[in-house]
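K.L.:
This is what each chain is made of:
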Amino acid sequence: MSVLLIAEHNNKELRPFTLNAITASSQIDTDVHVLLIGKNCGEVAKSLSEIKLVKKVLHAEADHYENFLAENFAPLVVKVSENYSHIISSANTFGKNLMPRVAAHLNTSQVSDIIKVISPDTFLRPIYAGNAFATVKSIDEKKCVTIRPTSFEPCVTSGGSAPIEKVEAVEAFPSSKFIKREEVKSDRPELGTARIVISGGRGMQSGDNFKLISAIADKLNAAIGASRAAVDAGYISNDHQVGQTGKVVVPDLYIAVGISGAIQHLAGMKESKVIVAINKDGEAPIFSVADYGLEADLFEALPQFLEELNKLNTIQK
Amino acid sequence: MKILVAVKRVIDYNVQIRVKEDGTGIVTDNVKMSNNPPDDNAIEEAVKIKEAGKATEVIAVTVGEEKSQETIRKALAVGVDRGIHVKADGIVEPIAVAKILQKIIDKEKPDLVFMGKQAIDDDCNQTGQMLSALLNWPQATFASKIEIKDNKLEVVREIDEGLETVEVNIPAVVTCDLRLNEPRYASLPNIMKAKKKPIEQISASDLGVDTTPRVQQIKVEEPPKRKAGIKVASVAELVQKLKNEAKVI
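The listed protein sequences derive, respectively, from chains A and B. Each residue of the first sequence is one higher than the one before, starting from 1 at the first, in my numbering. Each residue of the second sequence is one higher than the one before, starting from 1 at the first, in my numbering.
The hints are simulated quantities; they were obtained by calculation from the structure and are not laboratory data. Careful, some of the hints might be misleading.
Unchecked claim - Partner residues aside, some chain B positions facing chain A, computed with beta carbon under 8 Å: (1) A52; (2) D106; (3) E108; (4) D123; (5) Q129; (6) E147; (7) I148; (8) D150; (9) E154; (10) T165; (11) V232; (12) A236.
By construction, the Cβ of each residue, glycine as well, lies at the ideal position given by its N, Cα and C atoms.
My request is simple: use the sequences and hints to build the entire structure.
P.N.:
See the structure below:
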């Protein structure tokens, strides 16, 4: 049977992790259908239909789908799920919020946050903040699975011409209301998808000192991350947090500055391709995962780092 | 108003876990156990609401083996009024926990149900959402701020893009994020007093809930280790390595 993927989007465009989720879905079954629920999101339907791996787009529109409330989405997903063996979404806050509500309606035990498809019913998933990997097999007839987006490559966005089929909306859930969303706007690449991430920890000592980090981020076209300690200390807003309770990132280059390397933080970045640690404590656990460690006072090292970058003729963007 | 808080006993977050050599799970013998951290935020929030005169009773529920009672005792020591321990052995999946909680809620009829957004052992992040689906109640997940307004809750949620505010009618299920509040420590007199507070014990089978796992754990293994890196002597050397050896800048 086919796989049903729930698209994540903002009514104007797909959110990028949907592409990673399409890749994961196609590894379960090649007949990938995407369910798009929103308001005035015709452009998104069109872009989905152009993706080669997508075989059909199911498109539902209603006013009450504008803000992606799980209470409104879940009954529609359940209705559409009848003809599918798997329901898939990304394991980010969108999918984490929605999928268990769907799974409970379907009386299915969900498999969360998989990092590998072993077979259509068997998956690899991290447990204990990534300190162990579990191979799990779902014996439910219908499987609800969320995927860790950074563990799957984004799919190609062209080469397809899938049909777009309209799906009737179901009634709005009366007891929940969306009030507002405060998105953090930035000219920098998104933390979850950036090629380079530079993060600061408690060692930054103040929010103002993060300007040392942003100067380098500007130079490298990097996203800015932070440890939970830095977020809790109020140096930077929580949407920058990398770690078990924040975002999991897998950039080509991760630069940890003034971060000791608590288990929770390592869980969010240790799969990065190249890791740099700058810390004045040579015994800090961050050095055990770093490819390049620099034992130095960050307040001296960061300005020098910027200076050295300025000397380079070219910098990859 | 009555608030029910669900708590789970897990390996303490400061413990470096070890995988069993036979690949059947994680070593738990002689390992320090604690309350799941965001469940402590859920307890704190419920107790604060009661202290503000907006709730009359706070009940803590846990599902698990005999020793799970410890989590209830800790909750009682910081201001929860009474506890319910649902006995169940082995892995109890979120869907089974949600069904158990639903049975308890049918009987206790709370106005609000709080719990942590995720347990730090299985990292499932499912139970609250599943419970609200089974009850057909609204859900406010990953809450970093909760405000009670008449018969509604205004909840600020932490989402990937930033913050989102939703308004949900009571009764509702709220899952709590770590930034919701700062959980208090129990004082010694309160720990002593907690010993006298009642804990009701029932078993999952008495409630008619089948807890047999439907996601079988085939194997648990250590994640692949990173190879040890090198220490560089200067910033200049670091930049050269990144440019010429790792080729990432």
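K.L.:
Among the hints numbered above, which are violated by the structure, and what are their numbers in rising order?
P.N.:
Result: hints 1, 2, 3, 6, 7 and 8 break, sorted rising.
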